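Asks: Listed below are the residues making up each chain.
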Amino acid sequence: MKKLECIMRPAKFEQVKEALGNYGIKGMTVTHVTGCGLQQGKTEVYRGSTFTINLLPKIKLELVISDQQVEQVTEIIKEEGSTGEIGDGKIFIYHIEEAIRIRTGEKGDHAI
Amino acid sequence: MKKLECIMRPAKFEQVKEALGNYGIKGMTVTHVTGCGLQQGKTEVYRGSTFTINLLPKIKLELVISDQQVEQVTEIIKEEGSTGEIGDGKIFIYHIEEAIRIRTGEKGDHAI
Amino acid sequence: MKKLECIMRPAKFEQVKEALGNYGIKGMTVTHVTGCGLQQGKTEVYRGSTFTINLLPKIKLELVISDQQVEQVTEIIKEEGSTGEIGDGKIFIYHIEEAIRIRTGEKGDHAI
Amino acid sequence: MYIKTFKGEDIMLKKILFYSLTSIFVLALPTFAAESPTPLTNALALDTVWTLIAAFLVFFMHAGFTMVEIGFTRAKNAVNIIMKNIVTVAVGAVTFFIVGFAFMFGDTLGGIIGLNHFLLAGADKMDFGIPTMAFWIFQAVFAATAATIVSGAVAERIKFGAYFLLTILITAFIYPVVGHWIWGGGWLGDLGFIDFAGSTVVHSTGGWSALVIAVLLGARVGKYSPDGKVMPIPGHSMPLGALGVLILWFGWFGFNAGSTVAGTDMAIASIAVITLLGGAAGVLSTMAYTWLRHGKPDPSLVLNGALAGLVSITAGAASIGSVGALILGAAGGIIMVAAVEIFDKKIRIDDPVGAISVHGICGAFGTIGVGLFAVNGGLFYGGGVELLLIQLLGVVVVFLFVSISATAAALIVKSLVGLRVSEAEELGGLDINEHGSEAYVDLEERIGTTVLSMGEITK
Amino acid sequence: MYIKTFKGEDIMLKKILFYSLTSIFVLALPTFAAESPTPLTNALALDTVWTLIAAFLVFFMHAGFTMVEIGFTRAKNAVNIIMKNIVTVAVGAVTFFIVGFAFMFGDTLGGIIGLNHFLLAGADKMDFGIPTMAFWIFQAVFAATAATIVSGAVAERIKFGAYFLLTILITAFIYPVVGHWIWGGGWLGDLGFIDFAGSTVVHSTGGWSALVIAVLLGARVGKYSPDGKVMPIPGHSMPLGALGVLILWFGWFGFNAGSTVAGTDMAIASIAVITLLGGAAGVLSTMAYTWLRHGKPDPSLVLNGALAGLVSITAGAASIGSVGALILGAAGGIIMVAAVEIFDKKIRIDDPVGAISVHGICGAFGTIGVGLFAVNGGLFYGGGVELLLIQLLGVVVVFLFVSISATAAALIVKSLVGLRVSEAEELGGLDINEHGSEAYVDLEERIGTTVLSMGEITK
Amino acid sequence: MYIKTFKGEDIMLKKILFYSLTSIFVLALPTFAAESPTPLTNALALDTVWTLIAAFLVFFMHAGFTMVEIGFTRAKNAVNIIMKNIVTVAVGAVTFFIVGFAFMFGDTLGGIIGLNHFLLAGADKMDFGIPTMAFWIFQAVFAATAATIVSGAVAERIKFGAYFLLTILITAFIYPVVGHWIWGGGWLGDLGFIDFAGSTVVHSTGGWSALVIAVLLGARVGKYSPDGKVMPIPGHSMPLGALGVLILWFGWFGFNAGSTVAGTDMAIASIAVITLLGGAAGVLSTMAYTWLRHGKPDPSLVLNGALAGLVSITAGAASIGSVGALILGAAGGIIMVAAVEIFDKKIRIDDPVGAISVHGICGAFGTIGVGLFAVNGGLFYGGGVELLLIQLLGVVVVFLFVSISATAAALIVKSLVGLRVSEAEELGGLDINEHGSEAYVDLEERIGTTVLSMGEITK
Ligand SMILES: Nc1ncnc2c1ncn2[C@@H]1O[C@H](COP(=O)(O)OP(=O)(O)O)[C@@H](O)[C@H]1O
Ligand SMILES: Nc1ncnc2c1ncn2[C@@H]1O[C@H](COP(=O)(O)OP(=O)(O)O)[C@@H](O)[C@H]1O
Ligand SMILES: Nc1ncnc2c1ncn2[C@@H]1O[C@H](COP(=O)(O)OP(=O)(O)O)[C@@H](O)[C@H]1O
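Residue numbers (this note's numbering), protein chains in the order written: chain V, 127 to 238; chain Z, 127 to 238; chain P, 127 to 238; chain U, -1 to 457; chain F, -1 to 457; chain A, -1 to 457.
Pulled out of the complex, with its shape left as it was, chain V reads as follows (with noise of 0.2 Å):
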């Protein structure tokens, strides 16, 4: 099993749920995180001041998926994901060692 973090745009995100819902991937965990990189911050004025916000708002989108199904999932999201502008986001791929379903105990691929 492996598990997918995508840090991506929140505009995209909506998009590429749905086509990863059609794919068949139906559990997913999202988080609303800040994150900086290439992609230039917001200029900003307060009370006669302008600064940057340099941590811009993204969606981390986790998927634990089966090993088979990487590269489509992959695929998936570089489809629907990006903008082609700076800051589209990453996927970064880790091993997993187990997933367990709370519920019922249950296993490895039958879990997820």
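It is worth saying that the hints were derived from the structure and are not from the lab.
One or more hints might be untrue.
The calculated lysine-lysine pairs, modelled on DSS-like cross-linking and capped at a C-alpha distance of 30 Å, are [said to hold, decoys possible]:
(1) V:K204 / P:K128
(2) V:K129 / P:K204
(3) P:K128 / Z:K233
(4) U:K227 / U:K123
(5) A:K221 / F:K412
(6) Z:K233 / V:K128
(7) P:K168 / A:K221
(8) U:K344 / P:K168
(9) P:K233 / P:K128
(10) V:K168 / A:K294
(11) V:K233 / P:K128
(12) V:K233 / Z:K204
(13) Z:K129 / P:K129
(14) U:K227 / Z:K152
(15) Z:K168 / Z:K233
(16) Z:K233 / V:K152
(17) Z:K152 / V:K168
Taking CB as the label site, the calculated pair distances span [unchecked claim]:
(18) F:I410 / V:Y149: 44 to 52 Å
(19) F:I410 / A:F399: 37 to 45 Å
(20) A:G120 / U:E384: 26 to 34 Å
Because the structure is a prediction, the values reported are computed rather than measured.
Just so it is clear, CB atoms sit at the ideal spot from N, CA and C, and this is done for glycine as well.
Fit chains Z, P, U, F and A with the ligands to the supplied structure of chain V, relying on the hints for placement.
Replies: For chains Z, P, U, F and A with the ligands alone, kept in the frame of chain V given last:
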């Protein structure tokens, strides 16, 4: 060392936390996340339109523990964290290469 | 490639970030989390009842870096992120299998 | 509620009243204005203007109650709080129009209850010194206030439908009966019982209703741990709670000083001063007391302290002096803190916003305080114990009547629709389970672009 | 707007008025006070006080509009909502000072438009029964209200600059012209059209302007999915929305009862009662209707229901009775729910806060309702259809005039600065893109220590 | 503050006053109402009603201050802001009752300070044209306003105990002395200095106190980076900030127009108009100026702009004309923006909400502006420089007196309890460290079920 990442019901968190504390786990990190899976979303109505919110609030509990604790800790979580109904969540187990205590620089099992 | 996951004091975050920037790290992902450990909780009073909140606010900083950067980066974080008092936090190091840039599909060290 | 009559001018005044009121209700078009003004018509107009503005301020107190209750409860129940409060205003107004006013101000049946002027039929001929409609609106917003006090104490667990029915019963019957006894020509008022602006009529009635319904409901899940510890359940927004308290205090000036129903009654000035000082004393005593006890001034109690001080001077607002107001207000603040602790930890009645302590206990205290501090007749001003005993009697009788009738009402409602939501609904929040709604949908996603995961329209 | 004159006292009153007003505007120092008061000066003073207090309450409605609109839209646009609303008050006041008042209350040109008293020149000699300045401020806050209605319907996508220009055009021209026809001595008022406090003048004018501008703007991104489904976009704070509604209701007492511009006019009492009952009926009917339809009372619509009820009784506040208010208010609530659904799902006009339904549709309904429920002249009270037809005529004509002129205004503004922000700006939020600002910077970091990552000062 | 006397009617009026006041304070029961009304009693009643309603509005400004300060500071200090504001009202009322009123309105000692009527002893015999109690409450809420201005400037770092003591000193001594000079029969008023509703007495006094205390406190941690850059620290809720500004503006109508303490004084109409136009001009000028300078209208400054405009017309509200109000208000907005920048970046005084610029600087500007724009005596209206020089003198003297006495007060308080919290406490937030409390406990967990990790009850 392993990292256990548990996605669980907010309503069960307090109970799990207490049980882990009794067992001897003191350190943990908690994040508010949302997730979807088999569990049905919430139906809401807004200005006459009915719709479903399918990302539900969950707690992500991260525990870094030594290899020999894994079994018992997963048992505790399964025991205390399940209601038997869909949506109880998962435990994902990762291998972790190193843990470092920022304050002292201690490493490995001494750091956690 | 490695992922460094640092649980740290919110008050130290800015300083660490700046130091990492100077070192050459540009990309990072930040999450607001709460945690407990050795550090004492906060005592509050509400309508005459005194109680302790033992989940304290922390910052989780996630950095994906190449293997050779690990040592220096952990040094920087230890240097800039510690106050010497309990609650400074931890660095957890994971192995990461792959990183993909959503925008371009670049992989590995080129993606981060 | 003090009703003025221009003695010695009755005939002329009544003629004017009759003339002008007839024109209003029959023609519903102002013709009065075409007459030249006289001192009498001007005084009448000023009294009307004063009473109306006071009524608007009391109406605005509902915004205060709503904010206080939202602030002191959890976010998952905020929409439910909103619904309860806005429906209380609406139900209060309509019910008081249909029956409440009749029970309260209709011709008395043995000092117990009024029994005519339902739907305000013939009410325009009644003489309150101002047009009946002006008097009515002031009374109607009072009735809703008494009902809304319950809302806070039963928050986070009562069924919306049950609350709705209870509000009807309180504004239609319980409040009007108490009101009749004291302000509507009933037996307590005749005895000489003094409750100028409603420490008993409004606040205790609301507070005791809250008490018995909270008992019947039981505590919120998680309020008392299995091993018996008290688990505080902090509210989710102190800023909204504070805003609510300041709105309530603002409205209270109308509540108290408006209770003259006469702007020509110069007592309004000292009543307003007493309202300022009573609240101030409540703030300061609560601050000092919690500072001493806990080492830090407790904000959630200091906010309640303002209200406790205000409730404590409401009965005596026209009878006590400035110093009396300071003493009563300060004592009210401390009594409230003690009461909150006793209800919370000893008697174990779960009252999320402290409504029972603030309105029930301080309402009773303030009423009794009149017997002590009334410049005219109070024990401490050499007036003997007579007034004090009458005040005590009123407090006890109203407690008995309200607690019995509210219990009956709650049991009826329970048998009809049930009182309390299921544990699962309570855990998930009333907003989603009772209203299919959430208070803060977009907050976390606030810099995101589209609302996340709104999912499918299912209907 | 009903203007009283002391018939038979005209000469004396005018003398007094002239004297006192001259002293105010020329010397700008009060000298009137040195005279001894007479019944006439007292009545005048009371009328002035009443009108001013009502004006303050109407002013406060802007806080209500701001909170409602913030609550019912997303957090990323909250600062933009704030800016639009506060600028509306400011623009409304200044524009109405410079030209609006002149167009509305200047000497009529054939019943169509007023054409003198620009910058209030010579306005102190006008006779409104109260000092012109008191009359003016009441009118000025009304004008701003009509404009602010638009703000909600066009929220989350209009350019700030475009909104700014549109507000100028509405308060400078569109609203004053309609106002002139009905309240300023124009042809509709002469015909006998009744719109006491502005269901048509204020609410429909705002609502129809909102309608055409919302159409020209198009729906928010994401409101209608590519396959045509309606995607609800919930607002981010029901508590602020509810606070706004209660503030609006509070202000509405000034809006309606203040429209007598006379505190000596005893109709104020029944007008206030009708304002309470109309809003209450709107709440209850919306609650009942959505409860029946969806199985749960819909909070977002119940809050709108209060406003719908209020708009529905505003035209007839001085002509209808209590029962008429209950019927009109209740019907208004249901009509609003239906209208929201039709606009949302059938006609597909995106109106984030329901302004078109609440103010446009219920404004028209309330105006027509006068023809049915006016105690004097209403169809249901045996008055025949004459008034009803006049009311219908007025509604239609105002709809045509406002929709055409607001379309013209919007097209002009579009050609000057464009109406709508870019899709990227809309997605990112107007706050950051139009104002370089965010509504809730620190909320997530609230227990953090320093604000995170404020980064470099670049200027 | 302008005090009216019915000249030529003194004897009769005094008799009435004496009679009615005696009855209030001795019997504390209204008997006046039983008399038939006369034009004089009606005028007196109307003046009283007007003053009281104005006082209620000024009281409500405290909700405005609270919301503005909460909105413009960080969430971790919101509870502390609430505590400071509610305690300010309470302390202001009580202190002004005990000594403040005596220092301000007692018989003058050489034009410097009043020295009798402590605890209002004998105050009922004073002649303010209205019952002393009505006059007193209006003055008391003013005193609290002056003190509360300080709260914003010292936010996020002052010790609660220190603030508490400073508030006592300001309302007990500093404000009353300035007030005595100008409104209480003191030397500045005698010179002809004009400060109608308190640009100097209230706003500058508050502003200059804020200035010196902010200097003594130093900037918040993180406000200036080690290398000297200004780090903006955005507030956490623009919606609450905006609500606060609108509440303040609403209350300001009472603040200004109520300062006639007479509803029979027809100047109230034009004062209200000036209050609307001054604030509007401040909004528009700030919007335009920041739009030009930064390319976007700056919301945080536009909100301050409304207040700056209002402060700038407060001194002259009864002396200037509409056009003067527009000019002064607009200039005030721009001066405020410049002042904020200078304090922030040049002088480096950290003032989280801009209180020093809005109240101190614009207060001084508005006071001087009277010397320019007073229709009677102003330089631009051909009145020569005399008034202008008197105004300048007053501004300078008040600046000197307030800054010296507030410095002394702050040094005394510092030596007693210390002024500033520790750095660790500041970083952790005053809420948790000074009050053991948090403003938004449940917000993140809002859909969770039980409050997370409330942990053990330790007591
Ligand atoms: N090395 C990294 N480690 C962790 N997160 C990263 C890293 N680099 C980028 N990110 C995350 O990915 C987001 C997008 O990265 P960015 O460099 O701005 O654009 P792009 O992915 O298009 O190159 C960042 O906001 C951050 O959250
Ligand atoms: N494949 C997955 N990857 C990541 N998170 C998952 C995955 N499947 C489920 N989850 C998380 O677990 C939660 C519970 O899953 P669900 O399928 O609803 O119930 P159960 O765990 O009882 O089978 C989800 O809300 C989601 O947060
Ligand atoms: N075993 C663990 N697993 C996950 N997170 C941990 C663990 N131990 C500590 N943490 C995180 O690190 C933070 C700091 O730990 P703590 O023990 O309080 O201080 P220190 O790091 O100085 O020893 C905790 O608040 C928690 O978020």
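Asks: Would you mind marking each hint as holding or not holding in the structure?
Replies: Taking the hints in turn, this is what the structure says about them:
Distance hint between K204 of chain V and K128 of chain P is fulfilled; the C-alpha atoms sit about 22 Å from each other, no more than 30 Å. Between K129 of chain V and K204 of chain P the alpha-carbon distance is near 28 Å, which keeps this suggested pair within the 30 Å criterion. In summary, the hint linking K128 of chain P to K233 of chain Z is supported, as the alpha carbons are separated by about 17 Å, within the 30 Å threshold. About 59 Å separates the Cα atoms of K227 of chain U and K123 of chain U, which puts this hinted pair outside 30 Å; it is violated.
Distance check on the hinted pair: K221 of chain A and K412 of chain F sit about 42 Å apart at the alpha-carbon level, beyond 30 Å; violated. Restraint check for K233 of chain Z and K128 of chain V: satisfied, since their Cα atoms lie roughly 27 Å apart, inside the 30 Å limit. About 26 Å separates the Cα atoms of K168 of chain P and K221 of chain A, which keeps this hinted pair within 30 Å; it holds. Among the hinted pairs, K344 of chain U with K168 of chain P is consistent with the structure: their alpha-carbon atoms are about 26 Å apart, no more than 30 Å.
The hinted pair formed by K233 of chain P and K128 of chain P meets the criterion: a straight-line CA distance of about 14 Å does not exceed 30 Å. Of the pairs offered as hints, the one joining K168 of chain V and K294 of chain A holds, with about 14 Å between alpha carbons and a cut-off of 30 Å not exceeded. For the hint linking K233 of chain V to K128 of chain P, the alpha-carbon distance of about 27 Å falls within 30 Å, and the restraint holds. Proposed proximity of K233 of chain V and K204 of chain Z is supported: the alpha carbons are some 12 Å apart, at most 30 Å.
A threshold of 30 Å between alpha carbons decides the hint, and for K129 of chain Z with K129 of chain P the separation of about 13 Å falls inside it, so the pair holds. Of the pairs offered as hints, the one joining K227 of chain U and K152 of chain Z holds, with about 22 Å between alpha carbons and a cut-off of 30 Å not exceeded. Restraint check for K168 of chain Z and K233 of chain Z: not satisfied, since their Cα atoms lie roughly 44 Å apart, outside the 30 Å limit. Using a Cα cut-off of 30 Å, the hinted pair K233 of chain Z and K152 of chain V is violated, with the two alpha carbons roughly 38 Å apart.
The straight-line distance between the Cα atoms of K152 of chain Z and K168 of chain V is roughly 39 Å, outside the 30 Å bound, and the hint therefore fails. Against the hinted window of 44 to 52 Å, the Cβ-Cβ separation of I410 of chain F and Y149 of chain V comes to about 50 Å, which satisfies the hint. In this structure the supplied range 37 to 45 Å is violated for I410 of chain F paired with F399 of chain A, their Cβ-Cβ distance being about 55 Å. Distance hint check: the CB atoms of G120 of chain A and E384 of chain U are about 31 Å apart, consistent with the given range 26 to 34 Å.
Going down the numbered hints, you'll see the structure goes against 4, 5, 15, 16, 17 and 19, while the others check out.
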